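Take these sequences, add in the hints, and give me the full structure.
Number of protein chains: 2
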Amino acid sequence: MFKVIDFIQTSRDRYLEELGRFLAIPSISALPQHAGDVRQCAGWLADEMRRIGLENVSVMETPGHPVVYGDWLHAEGAPTILFYGHYDVQPVDPVELWESPPFEATVRDGEIYARGAADDKGQVFMHLKAIEAWLSQEGRLPVNIRLLIEGEEEVGSAHLEEFVQTHRDLLQADVVVVSDSAMFDRGVPSICYSLRGLAYFQIDVRGTSTDLHSGSFGGAVVNPAMALVQILAQMKDRSGRVKIPGFYDDVRPLSDEERAAWRRLPFNEKQFQRSIGAPKLSGESGYTTLERLWARPTFEINGLLSGFTGEGAKTVIPATAMAKVSMRLVPDQDPDRIGDQFEAYVKKIAPKTVDVKVTRMHGGRPWITEYDNRFVQAAGRAIEQGFGKAPVYCREGGSIPVISTFQRELGLPAVLFGIGLPDENAHAPNERLDLGNFHNGIVASACLYDEIARAGR
Amino acid sequence: MFKVIDFIQTSRDRYLEELGRFLAIPSISALPQHAGDVRQCAGWLADEMRRIGLENVSVMETPGHPVVYGDWLHAEGAPTILFYGHYDVQPVDPVELWESPPFEATVRDGEIYARGAADDKGQVFMHLKAIEAWLSQEGRLPVNIRLLIEGEEEVGSAHLEEFVQTHRDLLQADVVVVSDSAMFDRGVPSICYSLRGLAYFQIDVRGTSTDLHSGSFGGAVVNPAMALVQILAQMKDRSGRVKIPGFYDDVRPLSDEERAAWRRLPFNEKQFQRSIGAPKLSGESGYTTLERLWARPTFEINGLLSGFTGEGAKTVIPATAMAKVSMRLVPDQDPDRIGDQFEAYVKKIAPKTVDVKVTRMHGGRPWITEYDNRFVQAAGRAIEQGFGKAPVYCREGGSIPVISTFQRELGLPAVLFGIGLPDENAHAPNERLDLGNFHNGIVASACLYDEIARAGR
Numbered sequence: 002m003f004k005v006i007d008f009i010q011t012s013r014d015r016y017l018e019e020l021g022r023f024l025a026i027p028s029i030s031a032l033p034q035h036a037g038d039v040r041q042c043a044g045w046l047a048d049e050m051r052r053i054g055l056e057n058v059s060v061m062e063t064p065g066h067p068v069v070y071g072d073w074l075h076a077e078g079a080p081t082i083l084f085y086g087h088y089d090v091q092p093v094d095p096v097e098l099w100e101s102p103p104f105e106a107t108v109r110d111g112e113i114y115a116r117g118a119a120d121d122k123g124q125v126f127m128h129l130k131a132i133e134a135w136l137s138q139e140g141r142l143p144v145n146i147r148l149l150i151e152g153e154e155e156v157g158s159a160h161l162e163e164f165v166q167t168h169r170d171l172l173q174a175d176v177v178v179v180s181d182s183a184m185f186d187r188g189v190p191s192i193c194y195s196l197r198g199l200a201y202f203q204i205d206v207r208g209t210s211t212d213l214h215s216g217s218f219g220g221a222v223v224n225p226a227m228a229l230v231q232i233l234a235q236m237k238d239r240s241g242r243v244k245i246p247g248f249y250d251d252v253r254p255l256s257d258e259e260r261a262a263w264r265r266l267p268f269n270e271k272q273f274q275r276s277i278g279a280p281k282l283s284g285e286s287g288y289t290t291l292e293r294l295w296a297r298p299t300f301e302i303n304g305l306l307s308g309f310t311g312e313g314a315k316t317v318i319p320a321t322a323m324a325k326v327s328m329r330l331v332p333d334q335d336p337d338r339i340g341d342q343f344e345a346y347v348k349k350i351a352p353k354t355v356d357v358k359v360t361r362m363h364g365g366r367p368w369i370t371e372y373d374n375r376f377v378q379a380a381g382r383a384i385e386q387g388f389g390k391a392p393v394y395c396r397e398g399g400s401i402p403v404i405s406t407f408q409r410e411l412g413l414p415a416v417l418f419g420i421g422l423p424d425e426n427a428h429a430p431n432e433r434l435d436l437g438n439f440h441n442g443i444v445a446s447a448c449l450y451d452e453i454a455r456a457g458r
Numbered sequence: 002m003f004k005v006i007d008f009i010q011t012s013r014d015r016y017l018e019e020l021g022r023f024l025a026i027p028s029i030s031a032l033p034q035h036a037g038d039v040r041q042c043a044g045w046l047a048d049e050m051r052r053i054g055l056e057n058v059s060v061m062e063t064p065g066h067p068v069v070y071g072d073w074l075h076a077e078g079a080p081t082i083l084f085y086g087h088y089d090v091q092p093v094d095p096v097e098l099w100e101s102p103p104f105e106a107t108v109r110d111g112e113i114y115a116r117g118a119a120d121d122k123g124q125v126f127m128h129l130k131a132i133e134a135w136l137s138q139e140g141r142l143p144v145n146i147r148l149l150i151e152g153e154e155e156v157g158s159a160h161l162e163e164f165v166q167t168h169r170d171l172l173q174a175d176v177v178v179v180s181d182s183a184m185f186d187r188g189v190p191s192i193c194y195s196l197r198g199l200a201y202f203q204i205d206v207r208g209t210s211t212d213l214h215s216g217s218f219g220g221a222v223v224n225p226a227m228a229l230v231q232i233l234a235q236m237k238d239r240s241g242r243v244k245i246p247g248f249y250d251d252v253r254p255l256s257d258e259e260r261a262a263w264r265r266l267p268f269n270e271k272q273f274q275r276s277i278g279a280p281k282l283s284g285e286s287g288y289t290t291l292e293r294l295w296a297r298p299t300f301e302i303n304g305l306l307s308g309f310t311g312e313g314a315k316t317v318i319p320a321t322a323m324a325k326v327s328m329r330l331v332p333d334q335d336p337d338r339i340g341d342q343f344e345a346y347v348k349k350i351a352p353k354t355v356d357v358k359v360t361r362m363h364g365g366r367p368w369i370t371e372y373d374n375r376f377v378q379a380a381g382r383a384i385e386q387g388f389g390k391a392p393v394y395c396r397e398g399g400s401i402p403v404i405s406t407f408q409r410e411l412g413l414p415a416v417l418f419g420i421g422l423p424d425e426n427a428h429a430p431n432e433r434l435d436l437g438n439f440h441n442g443i444v445a446s447a448c449l450y451d452e453i454a455r456a457g458r
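Protein chains in written order, with the working numbering: chain A, 2 to 458; chain B, 2 to 458.
Derived by calculation from the structure, the hints in this document are not laboratory data. In this text, all values refer to a predicted model and were calculated from it rather than measured experimentally. Be aware that a few hints might be false.
Subject to a maximum C-alpha distance of 30 Å in a straight line, what follows is the list of computed DSSO-like cross-link-like pairs (lysine-lysine) [what the hints assert, rightly or not]:
1) Lys271/B <-> Lys353/A
2) Lys390/B <-> Lys4/B
3) Lys237/B <-> Lys348/A
Here it is in structure tokens:
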């Protein structure tokens, strides 16, 4: 293990040079004209995986961009990690806002700038370098590992679920490790152990067969936009609680221990408020901002459309009104059950003077791997060794669909082992990765394999 | 008077031929390429007015299309009518839906088809023919009359208010007569004696400086679309009454006599409901459909826009939400006072967690000339002579801006002497005018001048 760490510490310059080659390939999955680059990147990655000693390396076809697979499975009796990452990147427009070319990695002020530096080539490469260090210095890894690096994460992982379903044997493991997220804050390494789920709906309200003149008809017919706002206004009470009956039935309460831990986090409410330009923060009574974001479900209106929305005044009674609404769900809420409750409630409160249709658009389960799970704790120790300080344990308010896919299809606990920073412009111009975090991350990854081996199967 | 009526009865064929020439000129005021046709139509109209014996006929310039003016002022001691109509027409697209060319008047099944037949050339021409009959058969008119025929009604009468303000002396009169509307129903001639006014607003709500990710921020910041729907939902109570404090203060109550008269009107609620394709009619408790449409104020949402409104699902918390709302006003509500009440109420109920801006877009006073006004009753008798049955007295739910202009600028009572039908496609393909109503209308117009003379100054 000392040799492994030593090797990593003395390879810094080489790592940068190699990462630069990975970052130079414009593997933009969303743009058809870059399909060849995406494939070239998969080939480059497979070559690198073979070079460092991974086995069974293969560029595996999907109906879209290929998946790159490789493994090392000789740690008999030890747990098996399924590592997930992606080699595709976001488009670069508006390219004129980049201070250096997006596909020429450039180091400035201790950060490496390039599209994909943080999301996710840098974080994938950190594991490849940790594996290389183990295999070159010790001739072995302490754990078994399977790597699944996809090429379609930035286009919604269109074929990943199907790939997982048809390759269950190839993906057998004890724990999923994902390095595709950010730490809590600069200087505050973290382990995220829970994500919220999602239930997304469209509500369509129809009043009449066509738009009507508000003078000739106003007062004698229902206005579907008014019916819609009356429905939506009944979704939350004054204390910020969602009024859908049964909505909170399956919400796992926060433990006193978790609440206490979160209160110790270096989170500045004022700064958060200023950063989003809100006149005031607001949310469910009785909870702090972090609790509202991480452990409480929400009801949000995502879109509204009805009638005349252009410049000026048009005296129309709209025929229809539409809302997109969604709820962020927390353990142990179930998007299907929430969908049933929501539809029943809308049906109950909708005026009988309009036709109301609810369409289920999209759903995802919330995810949690308890922070006292042995793999989560192993990851925490690895972070401490890599970064010189214990990580904070946090949740996140968003969803990472692939985590839900692995949970649902393989039933595995997962560890989010992310070393990006919240302000590294993952989907914006001037994406970058902090080089200190990158190097500490390689050390932490090398330690992670050892810690997971010690945690046992 | 007998000679006048006789002359009208024997001139039917000639009237059609002459009306056809008026309708042949494509005086589409909205389209710049027809500006020359609009001017040619003004010239044609002025020639016709001179030919029938009107005096001081003039094509008067405005910053837009010209106004045609003419008068006959030799009925000493008799009242003076200010007649308003317009010679411009709507565009004809989609022209392929016309069964005969829009500018070749064609008679089918007792109706004359052409753009402008009902709105408003046919109704203007009806008065010219009545005046012609009087002057040619009696050598005089029983009243004084000033005709103001504008060329911009279909583009919002852009310069009419200015014209009226700068020609007050030229337009001095005792009563305004407008023939630019429809009767209650086929076979049900009517006199409309009141129109609703309008107060139109835009509400803009801002929550944060930019759209936010609903996962990363949902639950801890206010959603401006939710704030907006909560504001809008408080505008009406369950009984359909508007909740803005003071909103009903100036509403003139319906008399028992009016309510009784309206209940006798041949109005079929079921048919009305089917015609607009509504699952159910609805409105303010305690009022019939016609009362809700004609004599009660409304609150309508005319438009809603916020966040993501395209296909599919986007998990965004919108930064802003917008609504267009308007109220139809009835006598004696004042749009400015209503605006003050509305703004104060929005300010009071808006959450403090968002910025809310109310913009006043447009306002118009309600109009009423009591149905027992002597000119209104004179018009009723004229209708009875022309159509062989007494008219019904009704109101309308919409607004006719020029009526408000005359009311505000000249302070005159007005008579809506309209002989179109509600289904004559005024702004649609295959516009038409019922020839029976056209001929009865000429007789009624001839009688109107006599009846107004009898009513006295």
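Verification of the supplied hints:
1. Between Lys271/B and Lys353/A, the direct Cα distance comes to roughly 17 Å. Compliance with the 30 Å bound is thereby established for this hinted pair.
2. Using a Cα cut-off of 30 Å, the hinted pair Lys390/B and Lys4/B holds, with the two alpha carbons roughly 22 Å apart.
3. The suggested pairing of Lys237/B with Lys348/A holds, with an alpha-carbon distance near 20 Å, which does not exceed 30 Å.
In this structure, none of the earlier numbered hints is contradicted; all agree with it.
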